[in-house]
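A.B. asks: Chains as they are written, first to last, in our numbering: chain H, 1 to 195; chain L, 1 to 195.
If you're looking for bench data, these hints aren't it; they were derived computationally from the structure. Some hints here could point you the wrong way.
[What the hints assert, rightly or not] The calculated BS3-like cross-link candidates involving lysine-lysine, where the alpha carbons are at most 30 Å apart (straight line), are: (1) L:Lys112 to H:Lys104; (2) H:Lys111 to L:Lys21; (3) H:Lys102 to L:Lys112; (4) L:Lys102 to H:Lys111; (5) H:Lys111 to L:Lys15; (6) H:Lys104 to L:Lys111; (7) L:Lys102 to H:Lys112; (8) L:Lys104 to H:Lys111; (9) H:Lys21 to L:Lys81; (10) H:Lys112 to L:Lys15; (11) H:Lys10 to H:Lys102; (12) H:Lys40 to H:Lys10; (13) L:Lys40 to H:Lys40; (14) L:Lys81 to H:Lys10; (15) L:Lys21 to L:Lys104; (16) H:Lys21 to L:Lys104; (17) L:Lys104 to H:Lys112; (18) L:Lys81 to L:Lys40; (19) L:Lys112 to H:Lys40; (20) L:Lys40 to H:Lys104; (21) H:Lys111 to L:Lys10; (22) L:Lys104 to H:Lys104; (23) L:Lys102 to L:Lys21.
2 protein chains.
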Amino acid sequence: MNFLEERILKDGLVKEGNVLKVDTFLNHQMDVELLDEIGKEFHRRFADVNITKVLTIEASGIAIAYAVARCFGVPMVFAKKAKSINIDGDMYTAEVESFTHKNKNQVIVSKKVLSSDDRLLIVDDFLANGCALQGLISIAEAAGASVEGICIVIEKGFQYGGRSIRNLGYRLESLAIVESMDHETQTVVFRDQSE
Amino acid sequence: MNFLEERILKDGLVKEGNVLKVDTFLNHQMDVELLDEIGKEFHRRFADVNITKVLTIEASGIAIAYAVARCFGVPMVFAKKAKSINIDGDMYTAEVESFTHKNKNQVIVSKKVLSSDDRLLIVDDFLANGCALQGLISIAEAAGASVEGICIVIEKGFQYGGRSIRNLGYRLESLAIVESMDHETQTVVFRDQSE
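All chains, full assembly: derive it from the sequences and hints.
C.D. replies: If you want it as structure tokens, here you go:
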């Protein structure tokens with residue numbers, strides 16, 4: 001069991017509807033030492049890859065993406081939800097459905113900050129059905145940038161997002177893959193990734 | 001002129017309507033070295049204060065708050081906009097109007113992550129009319145936590161937010177205070193804070 005799986009068992013809460021709450025350390029209150037450790041671990045796993053930028057989506061991906069970008073010494077870009085008057089007209093867009101919020105968002109990245117020279121590491125906190133990730137991948141494709149790898153902190157292995165992204169040939173690393181969870185017994189079972 | 005003011009003059013863009021765009025290095029694409037430097041500078045300015053937590057608001061405050069929290073070695077909490085099913089019923093709320101998006105948001109912080117024992121440093125990227133900051137302060141007050149200081153990266157000195165917050169007695173530090181800007185000449189004038 002790695003440091004993240006241990007922390008999930010210690011401080012995570014399983015709620016009805018397959019919701020895993022990690023809001024005391026990962027996506028509302030953030031443990032900065034844990035974030036630093038997550039950044040280092042993804043840097044170790046993708047040490048062979050030449051990255052120019054880290055791409056994520058607001059809001060809970062931002063701190064994790066920064067932790068990863070620090071380790072690689074590259075800029076971090078976060079895709080924004082909905083249109084802001086602070087973003088110029090020239091932007092890449094994708095439509096993303098949120099599992100958590102049960103709604104659809106337009107996500108946007110300014111054309112100024114992504115180009116066909118970019119080799120990206122995409123970072124997010126959760127992977128469930130993969131909608132957010134598909135949106136980021138389609139933005140990268142629209143920019144002509146390559147997706148060198150994908151870093152997910154917690155993957156819900158019982159949903160189809162991870163499998164479909166891997167089937168598309170992407171190198172996807174998840175620090176913890178939840179195979180099943182039960183809110184009555186507060187049990188979380190992780191996929192064995194050691195081999 | 002400090003490192004941030006220099007960077008704003010180099011890479012910032014003045015748009016009509018007193019909008020200062022810093023989206024290539026601060027709030028869309030983030031320069032991680034600049035963020036680290038910002039974190040260190042706020043740590044230096046508040047080195048005399050005993051902080052237990054850093055509080056910010058999603059989305060663009062998150063990376064900056066993480067940079068500051070790292071330097072103090074304390075957790076970071078970001079207030080969320082709108083209700084998420086991933087937040088428990090027990091939460092502090094405040095209503096915040098966005099200068100950028102011209103709309104109102106409910107912002108929420110779980111009662112699990114703020115208490116009357118907390119001594120807070122509030123962090124945000126921009127201060128204009130101070131609505132977001134007022135919302136965070138009222139959440140801190142509702143929790144019975146003390147606000148030991150406020151860290152703003154860019155303050156619009158020609159709007160009333162900074163003055164009203166300082167008049168309330170808060171210790172507010174802004175790395176750059178814009179006195180005026182002009183989109184035709186691309187001029188930005190900063191308040192002289194040296195003395």
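A.B. asks: Evaluate each hint against the coordinates.
C.D. replies: A quick look at each hint next to the structure:
1. For the proposed pair Lys112 of chain L and Lys104 of chain H, the alpha carbon gap of about 29 Å is at most 30 Å, so the pair holds.
2. Proximity of Lys111 of chain H to Lys21 of chain L is assessed by CA-CA distance (about 14 Å); at most 30 Å being required, the pair is judged to hold.
3. Taking the CA atoms of Lys102 of chain H and Lys112 of chain L, the gap is about 24 Å. The hint holds against a cut of 30 Å.
4. Among the hinted pairs, Lys102 of chain L with Lys111 of chain H is consistent with the structure: their alpha-carbon atoms are about 24 Å apart, no more than 30 Å.
5. Using a Cα cut-off of 30 Å, the hinted pair Lys111 of chain H and Lys15 of chain L holds, with the two alpha carbons roughly 17 Å apart.
6. The hinted pair formed by Lys104 of chain H and Lys111 of chain L meets the criterion: a straight-line CA distance of about 28 Å does not exceed 30 Å.
7. For the given pair, Lys102 of chain L sits about 24 Å from Lys112 of chain H by alpha-carbon distance, which is consistent with the 30 Å threshold.
8. Taking the CA atoms of Lys104 of chain L and Lys111 of chain H, the gap is near 28 Å; set against the 30 Å cutoff, the hint holds.
9. Proposed proximity of Lys21 of chain H and Lys81 of chain L is supported: the alpha carbons are some 17 Å apart, at most 30 Å.
10. Restraint check for Lys112 of chain H and Lys15 of chain L: satisfied, since their Cα atoms lie roughly 16 Å apart, inside the 30 Å limit.
11. Among the hinted pairs, Lys10 of chain H with Lys102 of chain H is consistent with the structure: their alpha-carbon atoms are about 28 Å apart, no more than 30 Å.
12. Restraint check for Lys40 of chain H and Lys10 of chain H: satisfied, since their Cα atoms lie roughly 21 Å apart, inside the 30 Å limit.
13. At most 30 Å may separate the alpha-carbon atoms for a hinted pair to count; Lys40 of chain L and Lys40 of chain H meet this at roughly 20 Å.
14. Under the criterion of a C-alpha separation no larger than 30 Å, the hint pairing Lys81 of chain L with Lys10 of chain H is consistent with the structure, at around 27 Å.
15. Note on Lys21 of chain L and Lys104 of chain L: the hinted pairing holds, with a Cα-Cα distance of about 22 Å set against a maximum of 30 Å.
16. About 27 Å separates the Cα atoms of Lys21 of chain H and Lys104 of chain L, which keeps this hinted pair within 30 Å; it holds.
17. A distance of roughly 29 Å separates the Cα atoms of Lys104 of chain L and Lys112 of chain H; the hinted pair therefore holds under the 30 Å criterion.
18. Pair hint Lys81 of chain L plus Lys40 of chain L holds up; C-alpha atoms about 28 Å apart against a cutoff of 30 Å.
19. About 28 Å separates the Cα atoms of Lys112 of chain L and Lys40 of chain H, which keeps this hinted pair within 30 Å; it holds.
20. About 38 Å separates the Cα atoms of Lys40 of chain L and Lys104 of chain H, which puts this hinted pair outside 30 Å; it is violated.
21. Pair hint Lys111 of chain H plus Lys10 of chain L holds up; C-alpha atoms about 19 Å apart against a cutoff of 30 Å.
22. Of the supplied pair hints, the one linking Lys104 of chain L and Lys104 of chain H holds, its CA atoms being roughly 19 Å apart against a limit of 30 Å.
23. For the suggested pair Lys102 of chain L and Lys21 of chain L, the alpha carbons sit about 17 Å apart, so the restraint of at most 30 Å is met.
Going down the numbered hints, you'll see the structure goes against just number 20.
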